[in-house]
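Chemist: Sequence:
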Amino acid sequence: MQLKATKSASLLEVLEELFPDSSKTTLRSWIKNGRFIRDGQLLRSPQIVISKGTELSFEGKVKHSSFGIKILYEDKDIVVVQKPAGLLSVATHFEEKETVHAALKSRGVAKRVLPVHRLDRETSGVMVFAYTERAKEGLKKQFHLHTMGRQYLAVLEGSIEEKKGMWKSMLKEDANYFVSSHPEGKEAITHYKVVQRKGDYTAVQVTLETGRKNQIRAHASEAGFPVVGDMKYGATKNPLGRLGLHASLLSFIHPVTKKKMEFKSLPPPTFNRYFVRKNEASISRSVG
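Numbering follows numbering that gives the first Met the number 0, in which position 256 of the sequence shown is assigned residue number 255; successive positions increment by one, without gaps.
Mixed in with the good hints there might be a few duds.
[Said to hold, decoys possible] Below are the DSS-like pairs computed for lysine-lysine, each with C-alpha atoms no more than 30 Å apart in a straight line:
1) 192 - 139
2) 212 - 259
3) 257 - 171
4) 104 - 69
5) 236 - 139
6) 212 - 104
7) 69 - 167
8) 212 - 258
9) 3 - 51
10) 263 - 69
11) 257 - 75
12) 259 - 192
13) 104 - 75
14) 31 - 231
15) 139 - 258
16) 212 - 163
17) 31 - 236
18) 162 - 110
19) 163 - 51
20) 3 - 23
21) 140 - 259
22) 75 - 167
23) 263 - 104
24) 162 - 263
25) 197 - 257
26) 236 - 212
27) 3 - 257
28) 236 - 51
29) 212 - 197
Quick caveat, the hints were computed from the structure, so don't treat them as lab data.
All chains should be modelled from the sequences, with the hints used to inform the complete structure.
Modeler: Dropping the structure here:
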């Protein structure tokens, strides 16, 4: 269900206007359960400020916790989803229940849901999970061989002069979970191409050759162009109201059918207002 804020106020106050017959307890429960999305981002705080006219997506009655996840493709071996920003991919020591992995398991479609890769909590976009060990191993092999296509749209602080380039370094995570270049790190290679420049910001298409934790965020920061909203890695501004990173494309060979598969997720509305046209997630498949 699509909703529109009738005034500028906290999320809870906006919802009180939109759902006058629902109690505050009910509204808080809906927020806690991830039922509201703005610009592709889960809204988890009743106090977050919502501007008048802001469009909100509301998930009605559901039998399982979907947390705003959109299923792009599913068969007996794999499931491809579009993850909203603000949701963990898999469980950590600090959070076990509110994850993409947990939401998929709660659907009861498959006996097992096996993680293949991850997206950072604040990154939105396409990711794939496996339903069988065979599929998991087939997909992981493509990740390790760097044959799986992965592209992101990143909005960076600053104006990059070159039309395209590459960032390459040895990245290592320290005890504080901060990733940076280190002689004892693992090789990380990031390719970028400028999509658009606007004022103090640059939108770039990023292609990963390797897949290290926080790779894009660390490389962009060390190059002097931190991802918008990424205060952890040196960003100073956040016009998007979220991390400026979206996994826009994922392509691979189906681990069982051997068909070439490609999934695209065009950016959330906030990105579109600054850089690109609004569109929906899409899927294309062809025989390999």
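Chemist: Now look at each hint and say whether the structure bears it out.
Modeler: Hints, one by one, checked against the model:
1. Between residue 192 and residue 139 the alpha-carbon distance is near 26 Å, which keeps this suggested pair within the 30 Å criterion.
2. As the CA atoms of residue 212 and residue 259 are separated by approximately 26 Å, the hinted pair is consistent with the 30 Å bound.
3. Our distance criterion of 30 Å between C-alpha atoms is broken by residue 257 and residue 171, whose separation comes to about 34 Å.
4. Using a Cα cut-off of 30 Å, the hinted pair residue 104 and residue 69 holds, with the two alpha carbons roughly 14 Å apart.
5. At most 30 Å may separate the alpha-carbon atoms for a hinted pair to count; residue 236 and residue 139 exceed this at roughly 36 Å.
6. At roughly 24 Å between alpha-carbon atoms, residue 212 and residue 104 fall within 30 Å of each other, so this suggested pair holds.
7. Only pairs whose Cα atoms come within 30 Å are accepted, and residue 69 paired with residue 167 is rejected, the gap being roughly 33 Å.
8. Proposed proximity of residue 212 and residue 258 is supported: the alpha carbons are some 28 Å apart, at most 30 Å.
9. A C-alpha spacing of about 8 Å is found between residue 3 and residue 51, which places the hinted pair at or below 30 Å, so the restraint holds.
10. As the CA atoms of residue 263 and residue 69 are separated by approximately 12 Å, the hinted pair is consistent with the 30 Å bound.
11. Distance hint between residue 257 and residue 75 is fulfilled; the C-alpha atoms sit about 14 Å from each other, no more than 30 Å.
12. For the proposed pair residue 259 and residue 192, the alpha carbon gap of about 24 Å is at most 30 Å, so the pair holds.
13. Of the supplied pair hints, the one linking residue 104 and residue 75 holds, its CA atoms being roughly 14 Å apart against a limit of 30 Å.
14. The suggested pairing of residue 31 with residue 231 holds, with an alpha-carbon distance near 25 Å, which does not exceed 30 Å.
15. A hinted pair counts as satisfied when its Cα atoms are at most 30 Å apart, and residue 139 with residue 258 qualifies at roughly 16 Å.
16. Distance hint between residue 212 and residue 163 is fulfilled; the C-alpha atoms sit about 23 Å from each other, no more than 30 Å.
17. For the suggested pair residue 31 and residue 236, the alpha carbons sit about 27 Å apart, so the restraint of at most 30 Å is met.
18. Annotation: proposed proximity of residue 162 to residue 110 is violated, straight-line Cα distance about 47 Å (limit 30 Å).
19. Among the hinted pairs, residue 163 with residue 51 is inconsistent with the structure: their alpha-carbon atoms are about 39 Å apart, more than 30 Å.
20. Straight-line distance between C-alpha atoms of residue 3 and residue 23 comes to about 19 Å, which keeps the hinted pair within the 30 Å bound.
21. This hinted pair checks out: residue 140 and residue 259 have alpha carbons roughly 15 Å apart, not beyond 30 Å.
22. For the suggested pair residue 75 and residue 167, the alpha carbons sit about 38 Å apart, so the restraint of at most 30 Å is broken.
23. Restraint check: the Cα-Cα separation between residue 263 and residue 104 comes to about 23 Å, which is no more than 30 Å; the hinted pair holds.
24. Between the alpha carbons of residue 162 and residue 263 the distance comes to roughly 23 Å, so the proposed pair stays at or under 30 Å and holds.
25. Restraint check: the Cα-Cα separation between residue 197 and residue 257 comes to about 41 Å, which exceeds 30 Å; the hinted pair is violated.
26. With a C-alpha separation of about 23 Å, the suggested pair residue 236 and residue 212 falls inside the 30 Å cut-off, and the hint holds.
27. Distance hint between residue 3 and residue 257 is unfulfilled; the C-alpha atoms sit about 44 Å from each other, more than 30 Å.
28. For a cut-off of 30 Å, the pair hint linking residue 236 to residue 51 stands: about 22 Å separates their Cα positions.
29. Taken as a hint, the residue 212 and residue 197 pair is honoured in the structure, with Cα atoms around 28 Å apart against an allowance of 30 Å.
In summary, the numbered hints that this structure violates are 3, 5, 7, 18, 19, 22, 25 and 27.
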